[in-house]
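Top to bottom, those sequences are chains Y and D. Letter by letter, the first sequence follows residues 225 to 377 of the numbering used here. Letter by letter, the second sequence follows residues 225 to 377 of the numbering used here.
Since the list gives no way to pick out one identical chain from another, each pair is judged satisfied if it fits inside one copy or across any two copies.
Calculated pairs, SDA-like style, for lysine to any residue (alpha carbon to alpha carbon, straight line, at most 20 Å):
1) Lys311 / Glu369
2) Lys354 / Cys299
3) Lys354 / Asp341
4) Lys354 / Arg294
5) Lys311 / Cys295
6) Lys311 / Asp287
7) Lys354 / Ser300
8) Lys354 / Leu343
9) Lys311 / Arg294
10) Lys311 / Pro345
11) Lys311 / Pro363
12) Lys311 / Gly297
13) Lys311 / Gly365
14) Lys311 / Glu338
15) Lys311 / Ala247
Calculated directly from the structure, the hints in this document are not laboratory data. Model, not experiment: these values are computed from the prediction.
There are 2 protein chains.
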Amino acid sequence: MISFEAGRGALGTGAMRVTTISAVRTTVLVCITCRASTDPADAPRKGPQLARATQQALGEAADVDVLRVRCLGNCSRGLSAALCREKAWTYVFGHLDPDNDGPALIAGARLFAESVDGLLPWRNRPEPLKRGLIARVPPLGFPGEPPDSPETP
Amino acid sequence: MISFEAGRGALGTGAMRVTTISAVRTTVLVCITCRASTDPADAPRKGPQLARATQQALGEAADVDVLRVRCLGNCSRGLSAALCREKAWTYVFGHLDPDNDGPALIAGARLFAESVDGLLPWRNRPEPLKRGLIARVPPLGFPGEPPDSPETP
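If we strip away everything but chain Y, and leave its shape as in the complex, we get:
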């Protein structure tokens, strides 16, 4: 995608900035073995329902891959899904709602596709992907923090 936008901030008011933003393909992985953490152990698994809802939220669009996975290992915090992208962090989410959170996963995947630093932005991140964060992992090639770096920035 090529985007032309009026310059702001560091470029000063009125400067024109031409930015090439490549929307990178993102993947939503939905765990189909998940039960909701509030459901009894013999209740039907709702993971496939979340997978269908996510696919429906994508509709006819083809900019996001929605894949079913057996299993994300986040079993006691289900329902679960992950967002993945090449050269970016991977995000795992839990406590998702099969009736309501399919659109949030697609919106999150599209936000992630536009990220320039490989992180899923907090701003504009759908609420279920804020409160449901389980873990995030940097991409292969991540250099690590140096030994003398502080624990927090």
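Add chain D to chain Y, keeping to what the hints say.
Coordinates of chain D only, in the frame set by chain Y:
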């Protein structure tokens, strides 16, 4: 590493299978912003202590990369670490003990390095990496389960 093993399963009893197994480089990512989930919010962060213990468990060996990361997002289930490998699943662990679990992370990384299917084996997996599993995510290129596949194998 080259391994010769007697064929089993699909190859039939007695068939001889010659397999070339390359031990693939693995990475342990240790979260340095983590506090133990049982520690008060103003207690010193023990993530760096786990990172040092993991590095010490590696010692002079150089077959595993131990990297510090700020932060794995698994904050309420710390201490946290992840195991990563190219073309393999990524594993996130929580509730780790800074005094005892560094060697388990190195042993897990070495077990993972020998995996032929990209999964961290359950057998011989160190106990802290069994009970502390938080999530696992398949590698990029994972094709997904087909829509009509059952929820469990």
